[in-house]
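Student: Sequence:
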Amino acid sequence: MIATAKPSAPGGSPIIQCTTMPAGHIILPNFTTFCLQGFELRTNPHCNQATEDAMASVEVESGFSPDELRAIPSRQLGLLASLCYPSCDLPDLRLVIRCLVSWERKTRGDGTWECSNDDKRLIAGCYRGATDDWPCRFNEDLMTFKRAQAQAVAQNKAGDISDVESYKILRRTSSGVMLLLDLVEISGHIQLPEPSHTSTKFISLKQSASDIIVWSQDMASYNRKQAVGDNHNLVAVLTARNGFVQIGVDEARAMLRDAFHAFHAAEEELLTGTRSVHPEIRRYIQGLRDCIVGHAHWLYYTNLFFEDGEDAKESGWVRLLPKETKA
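The sequence shown begins at 903 in the working numbering and counts up by one.
No lab work stands behind these hints: they were computed from the structure.
Careful: at least some of the hints might be erroneous.
Quick list of in silico lysine-lysine cross-link-like pairs, DSS-like style, CA-CA up to 25 Å [stated by the list, open to error]:
hint	residue 1	residue 2
1	K1059	K1127
2	K1048	K1108
3	K1103	K1070
4	K1048	K1070
5	K1108	K1070
6	K1225	K1215
7	K1215	K1059
8	K1070	K1059
9	K1225	K1108
10	K1127	K1048
11	K1059	K1048
12	K1070	K1127
13	K1225	K1127
No experiment lies behind these values; they were computed from the predicted model shown.
Please build the complete structure, drawing on both the sequences and the hints.
Tutor: See the structure below:
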């Protein structure tokens, strides 16, 4: 038996129900079904060539260990880039893949990383063709990511579990998703009009897009994180509050649904709130949509989250891994 939370009347508390299913399992939502309303999955035609080129440069320039290099292909980061940035050309896609490989490595580190020469080359590559204010915004997001990673690692080492609101604030930056969304402008050579980035509507749109990606990835990653005692995860935080893993999953699913609603509301406000919408803003919104739907599908192709991604997608059932014992 497993406890689940059934939505109640508006404003009420969830009703706890029990569903018969094997012990030691959880039921996750199919993340791709959230993208049925107006999202189109597209793949960049340069996927294979860009991935091959990017991996060749990683082997030469990045300083990755042999074990790290062997693990990269199964993470399907080239596919992630191709799904999230389906319209960019070959050189830009190659650069995006290299960035994703570097940043994904840092999310698995000890929180003390510094920018290597390879990182600096990648950042310099991103600057080419950027708008005047993009480097400043990107650097701020990169440094915030670095600080948040260090804080998350420190909390895990201390065995601390955040309250939900504190976790949401930290996770939005420790995930690195804002960097992913920053690349929308670079990959598409989008020149957003001023003062787009400081408008409340624009900030809300980008934040809700980030929340969609972060909350879905937190649900997908919970199983492997709980096995190693990593509590920097939305489901872990919600479970610590209510005592039931499945209720934690259900609450995270509700947060994901709310993030989609917020995205659609912000999008509609941007597109209908003025007499004419700048074409670059429309392109940027499409770029965010590509990242959302591309990431949702990638979750089932990479080996980072599921033993069998297709089964997890179709059935939702995930067998919880045993917790690793520390030596």
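Student: Hint by hint, say whether it matches the structure.
Tutor: The hints, checked one at a time:
no.: 1; hint: K1059 - K1127; verdict: 14 Å, holds
no.: 2; hint: K1048 - K1108; verdict: 20 Å, holds
no.: 3; hint: K1103 - K1070; verdict: 20 Å, holds
no.: 4; hint: K1048 - K1070; verdict: 16 Å, holds
no.: 5; hint: K1108 - K1070; verdict: 15 Å, holds
no.: 6; hint: K1225 - K1215; verdict: 23 Å, holds
no.: 7; hint: K1215 - K1059; verdict: 32 Å, violated
no.: 8; hint: K1070 - K1059; verdict: 19 Å, holds
no.: 9; hint: K1225 - K1108; verdict: 36 Å, violated
no.: 10; hint: K1127 - K1048; verdict: 20 Å, holds
no.: 11; hint: K1059 - K1048; verdict: 17 Å, holds
no.: 12; hint: K1070 - K1127; verdict: 17 Å, holds
no.: 13; hint: K1225 - K1127; verdict: 9 Å, holds
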